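Trainee: These protein sequences, in sequence, are chains A and B. Everything in the first sequence is counted per our numbering, starting at 5 for the first residue and increasing by one. Everything in the second sequence is counted per our numbering, starting at 468 for the first residue and increasing by one.
Honestly, I wouldn't trust all of these hints.
[Unchecked claim] Label-pair restraints from in silico Cβ distances:
| # | chain 1 | residue 1 | chain 2 | residue 2 | range |
| --- | --- | --- | --- | --- | --- |
| 1 | A | TYR311 | B | LEU590 | 29 to 35 Å |
| 2 | B | LYS569 | A | ALA184 | 21 to 27 Å |
| 3 | A | GLY292 | B | ASN505 | 39 to 45 Å |
| 4 | A | PRO140 | B | GLU607 | 51 to 57 Å |
| 5 | A | ALA357 | B | LYS617 | 46 to 52 Å |
| 6 | A | GLU319 | B | GLU559 | 20 to 26 Å |
| 7 | B | SER592 | A | ARG238 | 44 to 50 Å |
| 8 | A | PHE141 | B | SER647 | 33 to 39 Å |
| 9 | B | LEU622 | A | PHE253 | 41 to 47 Å |
| 10 | B | GLU559 | A | ARG296 | 33 to 39 Å |
No lab work stands behind these hints: they were computed from the structure. Since the model is a prediction, treat every value here as computed from it, not as a measurement. Using N, Cα and C, we set each Cβ at its ideal position, and we do this for glycine too.
These are the residues of each chain, in order.
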Amino acid sequence: MKIKTELINFPEGLDLDSGDRLDSFELMVESYGELNESKTNAILVCHAFSGNHHVSGENSERETGWWDEIVGPNKAIDINKYYVVCCNNLGGCSGSSGPKSINPSTKKAYGGNFPLVSVSDWVNSQKMLLDKLDIPFWSFVVGGSLGGMQALQWSIAYPDKVKKVGIFAAAARSSTQNIAMNEVARESIRKDQNFHNGNYIEHDVIPKNGIKTARMLGHITYLSERHMDLRFGRKFQDDNSKVDHEVDFEVENYLQYKGDKFSEIFDANTYILMTKAMDGYDAAGVSGKLDRSLKKVTAQFLIIGFYSDWLYPPERGKEIQIAAMNNNIKSSYVVLEGEHGHDSFLFASDKYAKIIEKFIQS
Amino acid sequence: MAKELSKIINKWVPAEGKVIDFGCGDGSLLKELMDSKNILGYGVEINDHKIEVCISKGVPVIKQDIDKGINGFESSNFDISIMARSIQCLKEPSLALNRMLKLSNRCVVTLPNLGYWKCRINLASGKMPVTPELPSSWYETDNIHLCTIKDFEELCMKEGIKIKDSVFLDSKGGNGKLASLIPNLFAIEGVYLLEKQ
Chain A
5 MKIKTELINF
15 PEGLDLDSGD
25 RLDSFELMVE
35 SYGELNESKT
45 NAILVCHAFS
55 GNHHVSGENS
65 ERETGWWDEI
75 VGPNKAIDIN
85 KYYVVCCNNL
95 GGCSGSSGPK
105 SINPSTKKAY
115 GGNFPLVSVS
125 DWVNSQKMLL
135 DKLDIPFWSF
145 VVGGSLGGMQ
155 ALQWSIAYPD
165 KVKKVGIFAA
175 AARSSTQNIA
185 MNEVARESIR
195 KDQNFHNGNY
205 IEHDVIPKNG
215 IKTARMLGHI
225 TYLSERHMDL
235 RFGRKFQDDN
245 SKVDHEVDFE
255 VENYLQYKGD
265 KFSEIFDANT
275 YILMTKAMDG
285 YDAAGVSGKL
295 DRSLKKVTAQ
305 FLIIGFYSDW
315 LYPPERGKEI
325 QIAAMNNNIK
335 SSYVVLEGEH
345 GHDSFLFASD
355 KYAKIIEKFI
365 QS
Chain B
468 MAKELSKIIN
478 KWVPAEGKVI
488 DFGCGDGSLL
498 KELMDSKNIL
508 GYGVEINDHK
518 IEVCISKGVP
528 VIKQDIDKGI
538 NGFESSNFDI
548 SIMARSIQCL
558 KEPSLALNRM
568 LKLSNRCVVT
578 LPNLGYWKCR
588 INLASGKMPV
598 TPELPSSWYE
608 TDNIHLCTIK
618 DFEELCMKEG
628 IKIKDSVFLD
638 SKGGNGKLAS
648 LIPNLFAIEG
658 VYLLEKQ
């Protein structure tokens, strides 16, 4: 399988929603498959909060892509037929311009001074990527969770540049509860004594405890009660494999382990930026009416929710479906079992994979 | 779906209209209407496999159990709603009828006729009817609210629903003379175009 990873520079810069400006920026981009001659087979995959550009297959570090179950040769999104592109979002920590990058004007890492980015900024930067790749339009823009928000925003912001859109385990806006959860996570990062107002790189430290706690909380919200129950129950962790002597139950050990691992790879400022972008997104725009903001949409929608997802429950997808129907958009809304809670969008259950595949082909 | 039935429905659906089909199955009726009348159609279906077939045909579909409610679509301004061979499976058929007429001025309803003479013979012999149109035993069938043509028309009158047009199909699936003359006895299926009064 051919994976192409490249860092693309955008010297023209970007005006951000916040009013700030990035005078230039870079996007880490991964692509799979070949663009056909008529340039009609390009697909953009948008990553969720903690994802990155590495979607499918094994990279040079032998890490498997985050959506490998769905994207690959002969999979639901078939790279033998489609040219699939994904970039690390602006503000990320996997190679694109973000808080860890050097600010050209100060010659130091941006740290806490990296400007706030929004879902719409990401979509605007992805549009610049589309132009740079010299592709006339995406045949499909797709994502789960925060990635689904980007897919929806694509259909609103660039109606003539996208034919079909896949919005999975997502919503047109974050709920009060979503924002509340994210704020607890951010608070744990900010209150880590190593955070230094976001400028921890200068102090040569990492607010690991903060990120870890944030991730542990996040992880609980990504899983379903039933899934956790089936997987861990009230089983005790055996003494030999405890990551911490305070741990009693398997579920504690699991969260500790996952939190630790995450804190080693993820950037604290990116955590704050990404969750802020998620909280701030509202597809309804200034009018506050989703019906109105979908007026110019021409893309077809495929909206998928999962019964076990309590973070972005299926009803949130239904709201998009209703607004789509009110605007005569060809839109389908499917709810699937998915045992993994919010994370269900990552896993290729038979029905899920088939529905995506058929929608792309239809 | 039987040819005759889809032909009748096709006649009633306005060209380029906005259509919702409750219990759309594999989406074949909507696909036909999309191709022949350039409608904008949405199906409502609960079966995942059938949903998958709809999507592969390019028929927009919504997963929803119509028994749990035909609601949430009032704002979409449909020209016509369709419920073919499903109303007898619902817990509250009259509520469903009224809801359908809330989201579109007209609706098409088709239903099997329990008054069909073969059903009556079955009943006369002391057994629940099992016919080619109603093939399941009483303990297996989804049809929990079977009725006769007469019963259905009485319900429409009681609910203030106007029967704008109706066609009765005989056992050959066609629009036979006898079925039109005495539908309650000779029609296997009633096909109705309903309107708010």
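Trainee: Taking the hints in turn, state whether each one holds.
Mentor: Hints, one by one, checked against the model:
no. : hint                             : result
1   : A/TYR311 to B/LEU590: 29 to 35 Å : violated (41 Å)
2   : B/LYS569 to A/ALA184: 21 to 27 Å : violated (37 Å)
3   : A/GLY292 to B/ASN505: 39 to 45 Å : violated (34 Å)
4   : A/PRO140 to B/GLU607: 51 to 57 Å : holds (54 Å)
5   : A/ALA357 to B/LYS617: 46 to 52 Å : holds (49 Å)
6   : A/GLU319 to B/GLU559: 20 to 26 Å : holds (22 Å)
7   : B/SER592 to A/ARG238: 44 to 50 Å : violated (59 Å)
8   : A/PHE141 to B/SER647: 33 to 39 Å : violated (53 Å)
9   : B/LEU622 to A/PHE253: 41 to 47 Å : violated (58 Å)
10  : B/GLU559 to A/ARG296: 33 to 39 Å : holds (34 Å)
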